[in-house]
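> Residue-level listing of the chains:
Protein chains: 4
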Amino acid sequence: MESGDLKIAWARQYMPVLSSIRKRFVEEQPFSGMTIGMALHVEAKTAVLVETLAAGGAEVHITGCNPLSTQDDVAMALDTRERIHSYARRGAGIEEYYAAIDRVLDARPAITIDDGMDLIHRIHTERRDVLDAIIGGCEETTTGIHRLRAMAQEGALRFPVVAVNDTPMKHFFDNVHGTGESSLASIMITTNVLIAGKRFVVAGYGYCGRGLAQKARSLGARVIVTEVDPRRALQAHMDGFEVMTMDQAAPLGDIFVTTTGNTSILTERHLPNLKDGAILANAGHFNVEIDVDWLASHADSTVHRDGIDTYVLGGKAVHVLAEGRLVNLATPKGMGHPVEVMDLSFAVQALSAEFIAKHGRELAPGVHDVPSAIDEAVARLKLDALGLSIDRLTPEQETYMSSWTIGT
Amino acid sequence: MESGDLKIAWARQYMPVLSSIRKRFVEEQPFSGMTIGMALHVEAKTAVLVETLAAGGAEVHITGCNPLSTQDDVAMALDTRERIHSYARRGAGIEEYYAAIDRVLDARPAITIDDGMDLIHRIHTERRDVLDAIIGGCEETTTGIHRLRAMAQEGALRFPVVAVNDTPMKHFFDNVHGTGESSLASIMITTNVLIAGKRFVVAGYGYCGRGLAQKARSLGARVIVTEVDPRRALQAHMDGFEVMTMDQAAPLGDIFVTTTGNTSILTERHLPNLKDGAILANAGHFNVEIDVDWLASHADSTVHRDGIDTYVLGGKAVHVLAEGRLVNLATPKGMGHPVEVMDLSFAVQALSAEFIAKHGRELAPGVHDVPSAIDEAVARLKLDALGLSIDRLTPEQETYMSSWTIGT
Amino acid sequence: MESGDLKIAWARQYMPVLSSIRKRFVEEQPFSGMTIGMALHVEAKTAVLVETLAAGGAEVHITGCNPLSTQDDVAMALDTRERIHSYARRGAGIEEYYAAIDRVLDARPAITIDDGMDLIHRIHTERRDVLDAIIGGCEETTTGIHRLRAMAQEGALRFPVVAVNDTPMKHFFDNVHGTGESSLASIMITTNVLIAGKRFVVAGYGYCGRGLAQKARSLGARVIVTEVDPRRALQAHMDGFEVMTMDQAAPLGDIFVTTTGNTSILTERHLPNLKDGAILANAGHFNVEIDVDWLASHADSTVHRDGIDTYVLGGKAVHVLAEGRLVNLATPKGMGHPVEVMDLSFAVQALSAEFIAKHGRELAPGVHDVPSAIDEAVARLKLDALGLSIDRLTPEQETYMSSWTIGT
Amino acid sequence: MESGDLKIAWARQYMPVLSSIRKRFVEEQPFSGMTIGMALHVEAKTAVLVETLAAGGAEVHITGCNPLSTQDDVAMALDTRERIHSYARRGAGIEEYYAAIDRVLDARPAITIDDGMDLIHRIHTERRDVLDAIIGGCEETTTGIHRLRAMAQEGALRFPVVAVNDTPMKHFFDNVHGTGESSLASIMITTNVLIAGKRFVVAGYGYCGRGLAQKARSLGARVIVTEVDPRRALQAHMDGFEVMTMDQAAPLGDIFVTTTGNTSILTERHLPNLKDGAILANAGHFNVEIDVDWLASHADSTVHRDGIDTYVLGGKAVHVLAEGRLVNLATPKGMGHPVEVMDLSFAVQALSAEFIAKHGRELAPGVHDVPSAIDEAVARLKLDALGLSIDRLTPEQETYMSSWTIGT
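Chains as they are written, first to last, in this note's numbering: chain F, 1 to 408; chain V, 1 to 408; chain S, 1 to 408; chain A, 1 to 408.
Quick caveat, the hints were computed from the structure, so don't treat them as lab data. There could be a bad hint or two in this list.
Given that identical chains are not distinguished, each listed pair holds provided it fits within a single copy or across any two copies.
Claimed, not checked - Restricting the straight-line Cα-Cα distance to at most 27 Å, the calculated cross-link-like pairs of lysine-lysine (BS3-like) are: (1) K358 to K333; (2) K333 to K23; (3) K23 to K316; (4) K358 to K23; (5) K275 to K23; (6) K275 to K316.
Remember, predicted model here, so these are calculated numbers, not experimental data.
Please work from the sequences and hints to get the whole structure.
Here you go:
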């Protein structure tokens, strides 16, 4: 087998939920005659989703959603398969990147699947010509959802989009465990520094930040959390973390990881105050959380290592991992989210795409939650794959939960 | 000082948020001329809430919400204060219990504060005569809220009730940390058994179950979780717990704690299969999760110790703590929720009561969420009390979060 | 059953290792005709050890090793049994305390069993008249061992003493888990404060300190460790704790627990700098770690609650639990070490006593380690009681471990 | 800078203890005129030790201690430096490997520094000609020490060797944190599987196993421990892990990591019973813990990926990482121990080498512990580098610890 196929085969064996969905799709052909356009990280796990959709009858056109996250051997392996067309290339420049997005849109997809809203953004700006072909879309990231909601609020969003991100499945598995484990692994392998004993600063205490903070602490780090929401800040405090402002944390931290989904978390306000040897990484979707441009233009000197750019400021070294892009994915050794996590997220994607294929025309333009039944179905498929049984409510219990006449 | 006053003084010093609210209430007198009826666990922390409401101008009439949770010295200390009338007594029988509730209602309260819906239930059944005096109510427990929603759905609820339970504050602090710590402490002190190495079965993986499972594990227990919701079950699995049905867990567990808020969790189906020496406790609001009646009527013999009833079934001992009532409160040494947790929960209560006093007449009958501003205000007051500073969104960040036009 | 017997029966069921040793002792009567003198915490678990030794043929005379740790109902229940004589009384004054020790020595024991070296100390100072009857002794605490080694080094120790404390069993189970769990439970139940979010200062990072630090953190505390040994200090740092001097920690901590086995840990140097509301507890053997006398003589005022003495210094309250005595034992609700932990420690005691009965006359005066075979035998008995199987070295593996001729 | 130098510079900045030792060595020249022979993993961190020794006046000849752990760019960078000669090459065959060892020995070292006893083994078998030049040696691994002790017991060891492994520093930092973090990171990056929710089997509960078990659990794994020592097995149980035999664990585990230092842990007895998709890794020094030969000769088919060999047995895939060699080092992306951990271990090495240079001729042949003063000095240097202060015993406390005349 070629290396791309080897990688896909490896991922496939740890994605039992997609396997079981694929079996059903082969029989039921829910996408028969439809085109699906995708802009996702093109690597082995995504390939298994793509296969699943194609097995369900779709013609799939796919490109990347980040210039550094494409694995070329996987992209090539995908492109050789029936009904699958891949345009992604690692290291593509901005022009090539958008050209690839346009090639996906040229296929006039009925369904879009985004990770960061690039397809939907392009459709609503440069490529309004394809709007009429579209039934609906799916969006994978918190960041994308934020922006889609802003768009919807302005009345600018022209078709229904399922917020695949906004599900319990995604929050608890993808964000907490997926981002947590893979970001730490990537930081450890890239830097070879010890986590134990380090001052580890996590910006943001959403699901990603929470997972990361807890896992870093359990490896032995002393964790500081920065937040803007007082309830989340208090939660971090009660969970045993130090809570402070980034101004206060800047001179204390050994390692910083941003997870806010917002912009300008580590800026000129903080960067000159970092300790010598501080390591900065980003686990949020876009590379806007660390102001790398400021570093590049103010550094006395710069050294580039594999996945690490060192900026020397006033005699102190600041190390930025993966150029401030997604650290679990964009370092040379990064593998992105763990396979099993993507099995769940992509299973929700596959069923949401099916939902749009079947019901998209009945939905109003705007952002829609994943139907609870889909989320729950995926959970049940996973429990089945794990061989785990759980209890069911008895009729007596269902009655109890819905009654109010039983006193103390 | 008398023992009741000593206890209240102890609690007061660890309740800085209520202190700061009390200062404002003294000035603003939001409850001036109003009567508040309460049915809560009458112990030191509750007393600080009662003081706070009275300081705000209210005439407060209070009784217990559980026959075993009243601390008589605290009840007496409260009753001596101005504008506070207490009718609670530890060990009150059913008749006395409801007579006390009626005495509270005889005062014709404008606002009710419940922990388990006893006042509201009584008002809607036996005491509809006081309905016209009521502006609205607050309810403290998950269990009570469940039943209020059921009532509202049937159109039976006649006034607005704020679901004090349903806030991030309550979930993360009261349920996760409060129930978790205090239940474990109560089990350890009552039984003197080691948690480390034990098979610890947690029924339910809501906020209470989650806190308890994690804290028990971190003391060295091997934790099994039972659930009916597949997503929560999968979450427990990913968090590293064993997931199975109660049928499977029954013969494995050394210690069982129920946290479901539902009924009939450990029943005749499971009880005969427990190991010799198994310990059963309940951390859900009502004593309906463990079928103690079945044990009592099927045991070959019974031994009563302080807080522990031992039922011998076919030669095997089953130990039930606190008669299956709230284990953190109803064991002889139980102290209920930690002080600081109740400071937060009761601060939300106090501000919600103020909200009803001011806006209750504008609200439709039914269950209302705590206004987000209240929850947030309490979080800020607590952060202030802790001396913690947090970041604030910059205008640039606010713009970023609400815009959708910035691409990859 | 009387309350003392009920307590002993409760403990007995969670002490399977002593049960199995007792069965053998009944048959083999290793102490036939011998007198054993004991000074231990007289409560239910100790009673099961006493029973076990008496079942092995010994005449047992026992008194307490701490004026506040005796449970009178258990002492009475013991005293009614054949071949067992108890002289302990809760709250005994110094005079009565030493009179009771003398009554134990009046019985001219062949074997002494100490927890804190009171019998051995008395024998070597006031009661040298009984020296000739003694074959040897066992000592339970780290603190006692320290002092015995000092004595041996000076040539003052006149008979062999087995350091029951100095075994892997004791370190890992009794110190780490036993002291950790029971101290935390006692602090939580006595104060009702939340551990989550607190600054929790642990003085000493030996086995006790390590267990306590880890368990407090896992409940949500932010833990500071103070140490005098640089390697242990560094270990605490790598394990993720804040490391600093007590001078630095004094104004930061919310809760302090001393575990050093040394004297003068919290003194006039630190006490005036504590925060208002700071809580102080001791988990070391003697009440010399916190300078309670200084507090008592310098406080502006003092308030006594059950298990809590509050000293007001310059307007700030300092709360001392259990008068600075062992917090897991000497608070009103304290239960001492968990049952299963004492099952292991006391099983080592029982087998060490048997070892002295059989081989004591062959041993030189001085401190002797517990024979490894005893420690291992206890571990195997416990694994059997738990129904756990473990691997055994194969002949190939034994050869490999003892050979040096196999290269890369 | 070249890539080798870049890597060494990276490591150097996180090795403050060696930096401070180096400064002293430059002044004091403890190795002036001496040759040091080394067989260690030749990568960036080792290079900093080599530099430190050379800075102290030594002529250093170095080769690898594992065919797959050499980083060629680092080896080349070292070889260009004054007084440093490197013979290591990644992927060297057995013949070249031993030829390189012989070249080191040809330089007739006065001091040997081993990681796995290859130099000492060779000297005592094929190269007894160099014995007369040797003052003494240092050995880094548990495994090497085991074998050296066996050798010493047979009277075969001809010079003094300092057991650098056997120190608190090494156990707590290198084994617990170093092996733990780096093995997990390497497994995660190589396989991309999620640790959360997995059945993770750790063979051996020594320091390495303990660190790995705890860190895997804290990422969300359900951990099983296998052991041959009953006390360690019981400790694992009390720490909250499942304890069982490897026969029982084989069909349950998703991921297996061996840490025993012994041979034949996963053999034909277990391998056919593994689950489909099981992942096997070794964190012990030698590749003898997993019987890879048996797999290779019994597999129906085999697939090689980067760092993963898949053997198909009866339709089930078994994946072996790094050919059963040290998983933290020998996978393609493996980086070995974290930098800071090696700073401590290598600081002990450097000071032990200095100790041999100064006192080696006074030592008897055999295995010697690292002098406690060295271990402590390294801890103090590290605390200084971290800016941490710790307490010192007061005269009163020293007296207390060494006295026995103070009673209850």
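> Now look at each hint and say whether the structure bears it out.
Hint-by-hint comparison with the structure:
In this assembly of identical chains, the alpha carbons of K358 and K333 never lie at most 27 Å apart, being 40 Å within a copy and 45 Å across copies at closest. Proximity of K333 and K23 under a CA criterion of 27 Å is satisfied in neither setting, with 33 Å inside one chain copy and 35 Å between copies. For the homomeric pair K23 and K316, the shortest alpha-carbon distance between copies (21 Å) is at most 27 Å, but the shortest distance inside one copy (56 Å) is not. For the homomeric pair K358 and K23, the shortest alpha-carbon distance inside one copy (18 Å) is at most 27 Å, but the shortest distance between copies (59 Å) is not.
Taking the shortest alpha-carbon separations for K275 and K23, only the inter-copy value of 22 Å comes in at or below 27 Å, while the best intra-copy value is 54 Å. Taking CA atoms no more than 27 Å apart as the test, K275 paired with K316 passes inside one copy only; the shortest distance there is 7 Å, against 37 Å between copies.
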